[in-house]
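Asks: Starting from the known structure of chain A, fit chains L, Z and Y onto it as the hints suggest.
Going down the list, the protein sequences come from chains A, L, Z and Y.
Heads up: the first sequence is residues 1 to 339, going by this note's numbering.
Heads up: the second sequence is residues 1 to 339, going by this note's numbering.
Heads up: the third sequence is residues 1 to 258, going by this note's numbering.
Heads up: the fourth sequence is residues 1 to 258, going by this note's numbering.
Heads up, some of the hints might be wrong.
[Said to hold, decoys possible] Distance windows between CB atoms, simulated: (1) A:T32 to L:H283: 43 to 49 Å; (2) Y:N147 to A:T37: 50 to 56 Å; (3) A:L3 to Z:E155: 28 to 34 Å; (4) A:A286 to Z:G116: 24 to 30 Å; (5) L:E299 to A:D244: 41 to 47 Å.
If you're looking for bench data, these hints aren't it; they were derived computationally from the structure.
Note that beta-carbon positions come from the ideal geometry of N, C-alpha and C, so glycine has one too.
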Amino acid sequence: MDLLSQGEGALFGDPSSNRARQFFADKPRALTDKVMTVREAVGRFVHDGDYFASGGFGCSRIATSVLHEIVRQGKQRLQFAGHTATHDFQILCAGNGLGRGATLAAVDISYVVGLEARGLSPHARRVMESGEVAFTEWSNFTLALRFKAAAMGVPFLPARSLLGTDTFRYSAARAVACPFTGERLALVPALYPDVAVLHVHEADCHGNCRILGTTVSDLDIARAAKRVVVTCERLIPNDEIRRDPSRTVVPFFCVDAVCEVPYGSYPGNMPYEYYSDEEHLRHWLAAEKDCETYRAFLEQYLYGVTDFEEYWQRCGGLSRMQELRRQELLLNRPNGETG
Amino acid sequence: MDLLSQGEGALFGDPSSNRARQFFADKPRALTDKVMTVREAVGRFVHDGDYFASGGFGCSRIATSVLHEIVRQGKQRLQFAGHTATHDFQILCAGNGLGRGATLAAVDISYVVGLEARGLSPHARRVMESGEVAFTEWSNFTLALRFKAAAMGVPFLPARSLLGTDTFRYSAARAVACPFTGERLALVPALYPDVAVLHVHEADCHGNCRILGTTVSDLDIARAAKRVVVTCERLIPNDEIRRDPSRTVVPFFCVDAVCEVPYGSYPGNMPYEYYSDEEHLRHWLAAEKDCETYRAFLEQYLYGVTDFEEYWQRCGGLSRMQELRRQELLLNRPNGETG
Amino acid sequence: MSVGYNAMELMVCCAARLLEDGRTAAVGTGVPCAAAMLAQRTHAPNLVILFEAGGIAPQLPTMPISVGDSRAFHRAVMATSMADIMETCQRGLIDYTFLGGAQIDAYGNLNSTQIGGEHPRPKVRLPGSGGANDLASLCWRILVVTNHDRRRFVEKVDFLTTPGYLSGPGAREAAGLPPGSGPYRVITDLAVLGYDDGTKRMRILSLHPGVTLAQVRAATGFELGVREPLTATDPPTSEELRLLREEVDPLRYVIGRH
Amino acid sequence: MSVGYNAMELMVCCAARLLEDGRTAAVGTGVPCAAAMLAQRTHAPNLVILFEAGGIAPQLPTMPISVGDSRAFHRAVMATSMADIMETCQRGLIDYTFLGGAQIDAYGNLNSTQIGGEHPRPKVRLPGSGGANDLASLCWRILVVTNHDRRRFVEKVDFLTTPGYLSGPGAREAAGLPPGSGPYRVITDLAVLGYDDGTKRMRILSLHPGVTLAQVRAATGFELGVREPLTATDPPTSEELRLLREEVDPLRYVIGRH
Chain A
1 MDLLSQGEGA LFGDPSSNRA RQFFADKPRA LTDKVMTVRE AVGRFVHDGD
51 YFASGGFGCS RIATSVLHEI VRQGKQRLQF AGHTATHDFQ ILCAGNGLGR
101 GATLAAVDIS YVVGLEARGL SPHARRVMES GEVAFTEWSN FTLALRFKAA
151 AMGVPFLPAR SLLGTDTFRY SAARAVACPF TGERLALVPA LYPDVAVLHV
201 HEADCHGNCR ILGTTVSDLD IARAAKRVVV TCERLIPNDE IRRDPSRTVV
251 PFFCVDAVCE VPYGSYPGNM PYEYYSDEEH LRHWLAAEKD CETYRAFLEQ
301 YLYGVTDFEE YWQRCGGLSR MQELRRQELL LNRPNGETG
Chain L
1 MDLLSQGEGA LFGDPSSNRA RQFFADKPRA LTDKVMTVRE AVGRFVHDGD
51 YFASGGFGCS RIATSVLHEI VRQGKQRLQF AGHTATHDFQ ILCAGNGLGR
101 GATLAAVDIS YVVGLEARGL SPHARRVMES GEVAFTEWSN FTLALRFKAA
151 AMGVPFLPAR SLLGTDTFRY SAARAVACPF TGERLALVPA LYPDVAVLHV
201 HEADCHGNCR ILGTTVSDLD IARAAKRVVV TCERLIPNDE IRRDPSRTVV
251 PFFCVDAVCE VPYGSYPGNM PYEYYSDEEH LRHWLAAEKD CETYRAFLEQ
301 YLYGVTDFEE YWQRCGGLSR MQELRRQELL LNRPNGETG
Chain Z
1 MSVGYNAMEL MVCCAARLLE DGRTAAVGTG VPCAAAMLAQ RTHAPNLVIL
51 FEAGGIAPQL PTMPISVGDS RAFHRAVMAT SMADIMETCQ RGLIDYTFLG
101 GAQIDAYGNL NSTQIGGEHP RPKVRLPGSG GANDLASLCW RILVVTNHDR
151 RRFVEKVDFL TTPGYLSGPG AREAAGLPPG SGPYRVITDL AVLGYDDGTK
201 RMRILSLHPG VTLAQVRAAT GFELGVREPL TATDPPTSEE LRLLREEVDP
251 LRYVIGRH
Chain Y
1 MSVGYNAMEL MVCCAARLLE DGRTAAVGTG VPCAAAMLAQ RTHAPNLVIL
51 FEAGGIAPQL PTMPISVGDS RAFHRAVMAT SMADIMETCQ RGLIDYTFLG
101 GAQIDAYGNL NSTQIGGEHP RPKVRLPGSG GANDLASLCW RILVVTNHDR
151 RRFVEKVDFL TTPGYLSGPG AREAAGLPPG SGPYRVITDL AVLGYDDGTK
201 RMRILSLHPG VTLAQVRAAT GFELGVREPL TATDPPTSEE LRLLREEVDP
251 LRYVIGRH
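One chain only, chain A, in its complex shape:
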């Protein structure tokens, strides 16, 4: 199994499963009560310089409240996994290039600055073109596999993508021949984030979580990360978790903090709960075009509010949330629910 070639990208984080084991050896495992506020969770578990990962899919089932709080608390020099990142990345980029230091120092890129069908983020582009953020290239699957390797407790996993491209060349992957078949493979190193955040539908006070709909990479991220902050739409009793253990997708011993945050994925979509607020997202995107406008926008919606509830109150409050719920559940049809 000779090393055939290797990417020249920087490897952020430590893929050693031995060193990760030393951390996990001391991670608390008891069924204790971990409920706290988002402010406390970010204060205790997100440290300057951490490697940070975020669940969901860019603008679906994202932990917006934690992302805002990270920027609001002025966390600095984070490394970040830009795995299908869209609005989550937009939020983090608000901590760079606007006179408050640099929230982001390095990014493992699979997808950033883009907002899928919504366009490109002008401010994220400014940040990524500034030279102040280091980055290495990956793809969605290989970044997902890096989390999976860490979740499995091994230092790498093999994949059949990346090969032959500049994405490989500027990654930190390596190519080998399979010792069993001779097939050429890309090996991707494990990614153990220092801290990760997920937004889920339901969790008990210990951190046992339920997610409805697609799980993207959340199950692997929860297991890969050294510390995990979970926000949930609803706290539920441990008894309800135990009533149907097949529905639990993240076990409590992965989780360090549980925060109950209704509408926690707003303005992103939360499956079965509320659709994305396309109007607010357009407003956000438009505000980014000019730095002064963006500073004022952030002052109004992020720095000038004390918590996440105040944010969504400023975005239309309960009646807006009800409208987004109607859109999600297609209750407005046939008039077109995303107009």
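Replies: Just chains L, Z and Y now, with coordinates in the frame of chain A:
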């Protein structure tokens, strides 16, 4: 990533992901109706000489009806993954050493001949000590990883077990140093069974499956195998599957046949449905002690019945199934439900 | 464009026709999604759609905005993980994928990472691979739907984000990509293009109604062959247009962009 | 054995006492399960039990017959896959595991594969590793509960199924097994044994009431050291016995086997 050492065990099956891809390229993917009888499914999808894998955990959520049918149809020279195999292995061994040829030709062993707390199977020992069955050693996790490698479409996965033992020496694993960290790892080759069988709680006619309780290795086995026969306690409408897609654990395109087999894991346990029939299992074990007694036992319960329903009718019929259901749901307590 | 339909409608119809019944397609939002939905309503009722965020065989009530939003698994048969979808591609079960990019070269290689500059200091930073590199590596047939101009159809992509045939015949296999997979068709506002079996270079299969060969070559930054006999693209049928406008995209999210 | 308890009851109590509160234990059926349940009812209410088939933190209504049966995830917080449990061990989150075997040597290596003969032609075929090799490789501390006799405690195991300290100091690490993991305690019907930090060989920590050092050595097929001062095992307390008999194993599945 030098090859540091390698097991001397035979590698059954082909770990090449390229050749597996060629098979999967032509596997049908449409949402067609795949409902058929167990007899038809075994006749069409299990061939002499196939590599065969079986879901569940030995005596829990096993596809007993298919295992019986394989022996009843006299399938020959199967290769088998003895992954936490107990009663399932007992059934397959009934096809060896009793004058009907050899159902089993080779076994990847993690756990065979044992029946956990129930003892050892005398007939399985006779078969495995006869020299007529080839075998290679593995462990539960590494055999699970071999399925997972195939499910992922890669020719191997790394693990941190097996190393340093005779289990490694008589396996077909290989040891390498991680190219990222230098950590020594065992690599285990992908295992793509030719055919696999699973017993699940609910499936629609296309093969979308729901399982309650622990999933053991079933999700990986379903994806790894080239052909999959599913038996289910209950057929449900496709509409019910679509009502809650988060509950589907095996997608239809993995599945070739769907058979509705109530009590299909009997005499094994089916979570939330019925407990194992310890009395019948003791009877089975006792019958194995002597080959003549065992032939008569198999004549009565396996060869002399036309289908699985006739088998459980001979084991006590509906009233016995009701009793096992009461045991499973703890309705007999506090008098002790497994007496 | 002729009266009766616009370029986007023609592109969606061309893409839909290429999808065989009973096959699987990993699609994104927009044109690919519209094409798959149209195919299901015409010749391919058993076409199975998958979205990389985890939706399998959804019954789409409307166009998803994101491949990760809840529309992308509406009444799906399964809502799973991204790794499960990608691994299904890696096992060889997914036939088609649709990709795009800021640049494409004669071998179907795509760039969606950066324009100008040297990595890591781009002139313009684009999103990066996302799932494109994976889908192009792991699915059997890659389709590209894009507008046709010289900025896009270039001799050499500034950054090879996503593999086409790489440097030509045998290059995918030599790199370790699965044998038998690769670029299949490119559908533009001017033509339908394929690849020469021998050289693996892009070539024109059919010209859209009213488009000349010279026009396509002028819009292409590399030498472009032709499969003889060069045919004309069939215009959308009235039934295709009706389904597209009434059922697939009544709010004109996709077909309104032209 | 003294009046008031049998050897199995003493072994279960010894095993239970070794399990620290707030830790995780991957257990099997029988003694390990009884020990973990007793620990939860005495000093370790926050001990978390896992079963390799996928049950996490169940509230056991009775002893499971199989680690895969539905009792093993009764009112669990999660019912997952075997790979998920094993990967949790591999990540380093599981503190204890309980194993057994037909043979054990001075380094805690276990044989559960075959007795006599040469692989692949055994005199007696045993089940094989099952999950034992994995749990012994991946959990931090291995506990063994077994009867004590010369057939079991051997100079060299016929087949090294499951790793103890292999050939001695540094051997696990050299083989690639996770540093810091390894054999911890052996609880028999005669004594509680541990391992010498320097030599990694088994040694006696305490003798059960009424058992002599000579008796233990006579029942052991290898040279067996002693940790000084050699103590006597504390007999079960009346509260331990009450919990064990009334709550943990009222049907005497485990404690009836002695």
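Asks: Indicate, hint by hint, whether the structure satisfies it.
Replies: Evaluated hints:
Between A:T32 and L:H283 the CB atoms are about 47 Å apart, so this pair conforms to the stated range of 43 to 49 Å. In this structure the hint that Y:N147 and A:T37 lie 50 to 56 Å apart at CB holds, the actual value being about 54 Å. Range check, A:L3 to Z:E155: about 32 Å between beta-carbon atoms, so the 28 to 34 Å window is met. For A:A286 and Z:G116, the Cβ-Cβ distance of about 26 Å falls inside the hinted range of 24 to 30 Å, so the restraint holds.
Separated by about 43 Å at the C-beta atoms, L:E299 and A:D244 satisfy the suggested range of 41 to 47 Å.
The structure fails none of the hints (numbered hints given earlier).
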